[in-house]
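Q: If you want the building blocks of each chain, they are given just below.
Protein chains: 2
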Amino acid sequence: MARAWTLASRPKGLPTPENFALVDLPPRELAEGEVRIANRWLSVDPYMRGRMNDVKSYTPPFELGAPMQGGAIGEVIESRSDRFKAGEMVQHFGGWREEAVLPADQVQPLPQLDVDPQAYLGQLGMPGMTAYFGLLEVAQAKEGDTVFVSAAAGAVGSTVVQIAKAKGCRVIGSAGGADKCAWVESLGADAVIDYKSGTPVVKALGEVARTGIDVYFDNVGGEHLDAALAHGNQGARFAICGMIDVYNSAKPTELRYLARLIGMRMRIQGFIVSDYTDRAADFYRDMGGWLKDGKLQRNETVFDGLDAMPDAFLGLFSGGNTGKMLVRV
Amino acid sequence: MARAWTLASRPKGLPTPENFALVDLPPRELAEGEVRIANRWLSVDPYMRGRMNDVKSYTPPFELGAPMQGGAIGEVIESRSDRFKAGEMVQHFGGWREEAVLPADQVQPLPQLDVDPQAYLGQLGMPGMTAYFGLLEVAQAKEGDTVFVSAAAGAVGSTVVQIAKAKGCRVIGSAGGADKCAWVESLGADAVIDYKSGTPVVKALGEVARTGIDVYFDNVGGEHLDAALAHGNQGARFAICGMIDVYNSAKPTELRYLARLIGMRMRIQGFIVSDYTDRAADFYRDMGGWLKDGKLQRNETVFDGLDAMPDAFLGLFSGGNTGKMLVRV
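Protein sequences appear in the order of chains F and S.
First residue of the first sequence: 1, per the UniProt record's numbering; consecutive thereafter.
First residue of the second sequence: 1, per the UniProt record's numbering; consecutive thereafter.
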């Protein structure tokens with residue numbers, strides 16, 4: 001019998017394993033128009049933390065006691081739709097489970113790029129689109145800009161680094177620990193800050209951004225955001241993608257350099273990647289080109305088996321991943 | 001002998017009278033192209049606090065021991081320029097002094113609107129332009145928007161209220177104390193929050209902005225900014241004009257609702273009015289029209305005599321003014 005993770009209780013602060021419960025999914029026949037998918041790869045992403053709260057947001061909260069949702073790649077094993085045949089690899093949002101039964105219109109074929117299927121959960125999927133549209137549309141990064149990106153060893157951040165380099169920007173990344181920093185540097189970053197080194201981020205950034213920053217791509221909030229405010233140039237654009245530092249915290253964000261945005265005419269813009277899905281063709285065209293030119297590298301941190309999924313998810317909040325965090329079923 | 005206020009020392013935190021020194025200006029003959037102006041009205045504005053610090057910003061710091069500068073309206077009493085004749089009323093930045101000697105190209109004739117000359121230091125001058133371009137260009141306020149403005153009884157805020165009403169917005173103002181709130185309401189505000197009432201701003205705003213806010217015009221920062229983040233609608237635009245709460249404070253700004261800007265795709269944009277001076281004609285055209293239609297009211301808090309100028313300036317930081325704070329010489 002196929003199993004799924006449900007939300008057992010809503011966390012206060014950092015989630016714990018007790019917030020999740022593994023249940024058997026009752027077997028059922030397909031209705032007309034539905035497909036049955038054996039999931040191969042499941043995604044865990046920081047934004048899912050928000051869905052664990054009972055708060056109205058851009059995605060509805062997970063329901064207590066119901067299977068959780070998220071990006072997934074799987075193989076169609078049974079189909080009552082003209083659109084998909086058994087054996088076909090597809091992507092969908094029926095994650096957090098071994099098997100998904102979905103109407104065919106909630107299932108998409110995989111794009112035809114020369115990559116492993118799980119890449120469509122990371123660099124060639126939602127996190128990659130987040131990097132692409134956040135950097136180029138929201139922050140309007142252009143050749144010659146100095147771009148600062150936090151969580152630069154993460155799925156989104158590592159793609160920001162590489163797109164920014166492909167566009168002719170100078171790139172400063174921040175990551176935690178020597179291994180991650182070395183990887184970010186190998187992606188082409190011109191400078192990397194180790195935020196776990198003990199040096200305040202505002203000081204470390206000042207040392208490598210002597211002429212300031214023009215773009216900040218924010219995945220973490222908090223101290224990194226304040227450092228970006230401290231070193232933003234006139235007209236700097238901040239794309240606020242995530243604030244992993246505050247998702248589990250009841251403490252307010254403390255900003256010492258916020259008033260600089262007046263004199264420097266800086267812009268801080270929050271965004272959601274789903275606002276850009278109608279422009280996915282631009283993304284696949286450019287990413288496909290960079291992929292062929294060898295300009296895109298990626299990394300994955302893989303947990304094996306559905307049982308390990310809460311651990312994979314919780315690892316996102318302790319810096320447990322280099323590149324995309326994935327669960328292989 | 002004409003006198004001027006000089007910066008005696010740089011304040012830490014809130015300035016004190018000891019930071020200012022009143023000196024005699026040595027008399028001197030006019031050079032070719034210069035004019036001598038007897039100042040009638042002097043402006044004190046919150047942004048001047050920034051110039052008291054020895055920090056590179058959009059305006060250079062005041063020099064220690066030198067006469068301070070600021071907006072002023074005066075009468076030409078001697079001219080060695082073709083551009084101005086004795087008796088003419090003019091505006092310029094040689095404030096904080098009884099008499100200014102300036103090259104004619106640093107002096108402007110007064111616009112020809114049917115108002116008292118001191119209005120060109122307030123609603124029909126820099127503070128008014130700040131309100132106009134901040135609200136309409138930076139925040140892109142449009143008919144039907146709910147606009148929240150802090151320091152709504154100030155020179156800038158009171159003009160924001162009236163322009164927003166003229167444009168068909170719903171307006172919520174915040175001011176300190178019953179008298180100021182009553183005045184803001186008399187300007188047409190649909191709701192007014194008394195931030196001195198003891199109710200947290202975030203709660204008070206929630207009670208009068210049941211459907212959220214689309215625009216926030218920020219003059220104060222801090223708790224007001226956080227309240228606006230808490231109640232911002234999807235796509236809300238924040239024009240950050242000033243942060244009077246933090247100019248004198250070493251404490252960081254604490255924001256509990258900052259992460260909302262992601263899901264709500266909010267934009268926070270700092271701006272400086274001088275970036276819009278080439279579009280002053282738009283401002284005078286629209287303001288002239290509203291003035292004729294009786295849509296603009298203003299108020300002034302006047303201190304008499306140059307000796308009182310530091311008190312007038314310090315009053316800005318304790319909420320001492322309703323409408324524009326001015327010194328009459």
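These are computed hints drawn from the structure, not numbers from a lab.
It is possible that some hints are incorrect.
For identical chains, the list gives no copy identity; a pair is met inside one copy or between any two copies.
Stated by the list, open to error - No farther apart than 27 Å at their CA atoms in a straight line, the calculated lysine-lysine pairs in the DSS-like style are these:
id: 1; residue 1: Lys-167; residue 2: Lys-251
id: 2; residue 1: Lys-85; residue 2: Lys-12
id: 3; residue 1: Lys-196; residue 2: Lys-251
id: 4; residue 1: Lys-196; residue 2: Lys-56
id: 5; residue 1: Lys-12; residue 2: Lys-142
id: 6; residue 1: Lys-251; residue 2: Lys-56
id: 7; residue 1: Lys-295; residue 2: Lys-85
id: 8; residue 1: Lys-85; residue 2: Lys-165
id: 9; residue 1: Lys-295; residue 2: Lys-167
id: 10; residue 1: Lys-196; residue 2: Lys-165
id: 11; residue 1: Lys-12; residue 2: Lys-203
id: 12; residue 1: Lys-295; residue 2: Lys-203
Q: How would you label the pair Lys-295, Lys-167 (within, between, both, or neither) given a Cα cut-off of 27 Å?
A: within (11 Å within a copy, 50 Å between copies)
Q: Evaluate Lys-251 and Lys-56 at a C-alpha cut-off of 27 Å and name the case that applies: within, between, both or neither.
A: within (20 Å within a copy, 32 Å between copies)
Q: My question is about Lys-85 and Lys-165: at a cut-off of 27 Å on alpha-carbon distance, are they close within one copy, between copies, both, or neither?
A: neither (40 Å within a copy, 60 Å between copies)
Q: From the Cα coordinates, with 27 Å as the cut-off, is the pair Lys-196 and Lys-56 best called within, between, both, or neither?
A: Neither: 34 Å inside a chain and 31 Å across chains, both beyond 27 Å.
Q: Quick one: Lys-196 to Lys-165, C-alpha cut-off 27 Å, is that within a copy, between copies, both, or neither?
A: Intra 25 Å, inter 51 Å, cutoff 27 Å: intra-copy only.
Q: Please sort Lys-196 with Lys-251 into within, between, both or neither, judging by C-alpha distance up to 27 Å.
A: This pair counts as both: shortest intra-copy Cα distance 20 Å, inter-copy 25 Å.
Q: Using 27 Å as the alpha-carbon threshold, which applies to Lys-85 and Lys-12: within, between, both, or neither?
A: neither (43 Å within a copy, 73 Å between copies)
Q: How would you label the pair Lys-12, Lys-142 (within, between, both, or neither) given a Cα cut-off of 27 Å?
A: neither (40 Å within a copy, 39 Å between copies)
Q: Are the CA atoms of Lys-295 and Lys-85 at most 27 Å apart within a copy, between copies, both, or neither?
A: Classified as neither: same-chain Cα gap 34 Å, cross-chain 68 Å, threshold 27 Å.
Q: With 27 Å as the alpha-carbon cut-off, assign the pair Lys-12 and Lys-203 to within, between, both or neither.
A: Between copies only: 23 Å across, 33 Å inside.
Q: Checking Lys-295 and Lys-203: alpha-carbon separation at most 27 Å within a copy, between copies, both or neither?
A: neither (31 Å within a copy, 50 Å between copies)
Q: If the cut is 27 Å between Cα atoms, do Lys-167 and Lys-251 qualify within a copy, between copies, both or neither?
A: Neither. Shortest intra-copy (37 Å) and inter-copy (39 Å) distances fail the 27 Å Cα cut-off.
This entry does not satisfy hints 1, 2, 4, 5, 7, 8, 12, going by the numbered hints stated previously.
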